[in-house]
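Chains as they are written, first to last, in the numbering used here: chain P, 1 to 307; chain Z, 1 to 345.
Some hints here could point you the wrong way.
Claimed, not checked - A short, non-exhaustive set of chain Z residues, derived as facing chain P with CB atoms under 7 Å:
#, residue
1, F117
2, S123
3, N125
4, P137
5, D232
Said to hold, decoys possible - With a straight-line Cα cutoff of 30 Å, these simulated DSSO-like cross-link-like pairs (lysine-lysine) come out:
#, chain 1, residue 1, chain 2, residue 2
6, Z, K303, Z, K316
7, Z, K112, Z, K158
8, Z, K112, P, K195
9, Z, K26, P, K195
10, Z, K26, Z, K112
11, P, K195, P, K178
Treat the hints as calculated values from the structure; they're not laboratory data.
For each residue, glycine too, the CB sits at the ideal point set by N, CA and C.
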Amino acid sequence: MTSSTPAVNPEVLRRRWTGERVWEAISDFWRRFRKNRAAVAGAVVVLAVVWAGVLAPWLAPHDPTEANFFNRFRPPAWMEGGTWEHPLGTDQLGRDILSRIIWGARASLAVGGVVIGFATVVGVAMGLVSGYYGGRLDAAIQRLVDILLSFPYLVLAIGLMGVMGPGFVNMVLALVYKEWVTPCRVVRGEVLAAKNQEYVEAARAVGASDAHIMWREILPNVLSAVVVVATLRVAWVILMEASLSFLGLGVQPPTPAWGSMVASGREYIFQAWWMATFPGLAILVTVLGINLLGEGLRDALDPRLRE
Amino acid sequence: MAGVSPEAARLQAEPAEPLVEVIGLKQHFPVRASFAERLLGRQTRWVRAVDGVDLTIARGETLGLVGESGSGKSTLARSILRLYEPTAGTVRFEGRDVTALPPRELRPLRRKMQIIFQDPFASLNARRTVEQIVGLPLAIQGMPRQEIRRRVLEMLDKVGLSPSHIHRYPHQFSGGQRQRIGIARALVVNPAFVVADEPVSALDVSIQAQIINLLQRLQAELGLTYLFITHDLSVVSYISDRIAVMYLGRIVELAPAGDLFARPLHPYTRALVSAVPRLGKRGGRRERIILEGNPPAPIDPPKGCRFYSRCFLPEKNETCRSVDPPLAEVGGGHRVACHAVAGTL
Numbered sequence: 001m002t003s004s005t006p007a008v009n010p011e012v013l014r015r016r017w018t019g020e021r022v023w024e025a026i027s028d029f030w031r032r033f034r035k036n037r038a039a040v041a042g043a044v045v046v047l048a049v050v051w052a053g054v055l056a057p058w059l060a061p062h063d064p065t066e067a068n069f070f071n072r073f074r075p076p077a078w079m080e081g082g083t084w085e086h087p088l089g090t091d092q093l094g095r096d097i098l099s100r101i102i103w104g105a106r107a108s109l110a111v112g113g114v115v116i117g118f119a120t121v122v123g124v125a126m127g128l129v130s131g132y133y134g135g136r137l138d139a140a141i142q143r144l145v146d147i148l149l150s151f152p153y154l155v156l157a158i159g160l161m162g163v164m165g166p167g168f169v170n171m172v173l174a175l176v177y178k179e180w181v182t183p184c185r186v187v188r189g190e191v192l193a194a195k196n197q198e199y200v201e202a203a204r205a206v207g208a209s210d211a212h213i214m215w216r217e218i219l220p221n222v223l224s225a226v227v228v229v230a231t232l233r234v235a236w237v238i239l240m241e242a243s244l245s246f247l248g249l250g251v252q253p254p255t256p257a258w259g260s261m262v263a264s265g266r267e268y269i270f271q272a273w274w275m276a277t278f279p280g281l282a283i284l285v286t287v288l289g290i291n292l293l294g295e296g297l298r299d300a301l302d303p304r305l306r307e
Numbered sequence: 001m002a003g004v005s006p007e008a009a010r011l012q013a014e015p016a017e018p019l020v021e022v023i024g025l026k027q028h029f030p031v032r033a034s035f036a037e038r039l040l041g042r043q044t045r046w047v048r049a050v051d052g053v054d055l056t057i058a059r060g061e062t063l064g065l066v067g068e069s070g071s072g073k074s075t076l077a078r079s080i081l082r083l084y085e086p087t088a089g090t091v092r093f094e095g096r097d098v099t100a101l102p103p104r105e106l107r108p109l110r111r112k113m114q115i116i117f118q119d120p121f122a123s124l125n126a127r128r129t130v131e132q133i134v135g136l137p138l139a140i141q142g143m144p145r146q147e148i149r150r151r152v153l154e155m156l157d158k159v160g161l162s163p164s165h166i167h168r169y170p171h172q173f174s175g176g177q178r179q180r181i182g183i184a185r186a187l188v189v190n191p192a193f194v195v196a197d198e199p200v201s202a203l204d205v206s207i208q209a210q211i212i213n214l215l216q217r218l219q220a221e222l223g224l225t226y227l228f229i230t231h232d233l234s235v236v237s238y239i240s241d242r243i244a245v246m247y248l249g250r251i252v253e254l255a256p257a258g259d260l261f262a263r264p265l266h267p268y269t270r271a272l273v274s275a276v277p278r279l280g281k282r283g284g285r286r287e288r289i290i291l292e293g294n295p296p297a298p299i300d301p302p303k304g305c306r307f308y309s310r311c312f313l314p315e316k317n318e319t320c321r322s323v324d325p326p327l328a329e330v331g332g333g334h335r336v337a338c339h340a341v342a343g344t345l
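Excised from the complex, chain P in its bound form (with noise of 0.2 Å):
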């Protein structure tokens, strides 16, 4: 073993985090993440919604609020009486469903994104804590997540904008109250699967610090754990948000979302049916981008999966 010990370049051993190591880090992720033809595809989705989001201005052919009386319910572009000038059609006000689509993506990734990265941060924080000291702390914080889960999600949520009003930060608020639940949940569970292996031990014995052990020795093992989680959880987030709107809570008119644009769709669904179900194919999409993109980043972050 020792004798065939390959001359290894000084220069291979001097260097640190440069750019061309990250860059290495990265092509290596992407080499094995690109095998998984779902997951490309899943990224493709999240992706193509994120930039219709951000380009909306400059991809969208009308103003998602400009109303015009007469051309209410136009049909999509390939059906009797539909013009390519509204490829999806337009609604019961006139306005073009393909553009209230591309500018509906901003509201549905804002709450998404933001919802999951607070709770996340808060979920992992406490689920860390919870799992790592145990005791009276862990139970403490699993009553509080006990109480929690007992609630409806959207009952809760519904009764907290009751209190709070609607408005984006209230949902935000909203939602966050009870999605750190989940991360906190899994990273507890698995927090406690990790701190008895011998690693930890290992790390405890030459002297680390408990912040030490949480944050760089169990942290990195149950972090692909929690990127499906989330991305799991950012699809029902989307979708929660979706509900808010749909019942006049969320995000409100004219601005434009998802979950309301299905909502009056709803009353018009058997003489204009595109206008609840282009928005609800929207939802659909993306949810299930997500998913595939979260599942694929699991695959490719593992290290123990590479090769």
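Knowing the structure of chain P, use the given hints to seat chain Z on it.
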């Protein structure tokens, strides 16, 4: 096997400086009663994993610790390193009481007492590179990165790994190589005392010899003191100067390695030694002692001799059942906890 190494002979001849002293160490773990059981008035019960161990390890020696699964070997080692907080008793390291130290003062001492783990898969963090794993003890001391890298490379060379391995992850290595990484991590801080907790039992037999030779070479090079835990008697006889035999949380026999195998006194040790397979006719055909039953549960150990329920000696009697035999010296550094052998019946 039978010959006592010159090192061991020297250790026996002059009372060597003790590096580690264990006095009356106890490590009990609570078995929590469920809520329903507590309503019925049931108290928390205790597993007495280690129940009163006295042990002295001299500087430079290898003390082998043998015993079956669940006898408390690993728990004893972890209590000595204070990876567990001992229930009672004292551990002295270089004369300092380790059991009473606050965490802040314990940290620098951890550098001098290290551990090599049994499972080379579980003991290395899959998410960290070899450099991060081996360099961790140095990083904790606040050593600059370049210096850490230099020391890690030096250490990898000592344990027979290549410098090109430094950026790899544990899963890219074989079991034997992983164990070398574990050894490098333990030794990078220049410890005086190293616990080797079954360091070869998870490895293929062909690799075991390599790792044992490596451990012996490093001991000679770096002047290490080993507490070598194993359930493999041929391994322990090869590497140890002295051997301690554990049964149900107690040490039942302690003797120089050659002496223990040539003249096992405790009935449990006799059964163990008779089970070691031997090649050829050396020593002739021996009686095979096959113990019956299982060791009692460590929750409620017997009041008298812990081995009473499985003892096959014709001399065993009421004293054995009711009086706990002390670990008594029977000459030549050979100590045994048995009424029949010590003549205290």
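Status of each hint after checking the structure:
The restraint placing Z/F117 at the interface with chain P holds, with a minimum CB-CB distance near 5 Å, inside the 7 Å limit. A least Cβ separation of about 4 Å between Z/S123 and chain P falls short of the 7 Å threshold, and the interface hint therefore holds. Nearest Cβ of chain P to the Cβ of Z/N125: about 4 Å, under the 7 Å cut. The hint holds. At its closest, the beta carbon of Z/P137 sits 4 Å from a beta carbon of chain P; the interface hint therefore holds under the 7 Å criterion.
A hinted interface residue such as Z/D232 counts as satisfied when its beta carbon comes closer than 7 Å to some beta carbon of chain P; here the least separation is about 19 Å, so the hint is violated. Pair hint Z/K303 plus Z/K316 holds up; C-alpha atoms about 15 Å apart against a cutoff of 30 Å. Between the alpha carbons of Z/K112 and Z/K158 the distance comes to roughly 19 Å, so the proposed pair stays at or under 30 Å and holds. Between Z/K112 and P/K195, the direct Cα distance comes to roughly 24 Å. Compliance with the 30 Å bound is thereby established for this hinted pair.
Between Z/K26 and P/K195 the alpha-carbon distance is near 24 Å, which keeps this suggested pair within the 30 Å criterion. Restraint check for Z/K26 and Z/K112: satisfied, since their Cα atoms lie roughly 23 Å apart, inside the 30 Å limit. Restraint check for P/K195 and P/K178: the C-alpha separation of about 26 Å stays at or below 30 Å, so the hint holds.
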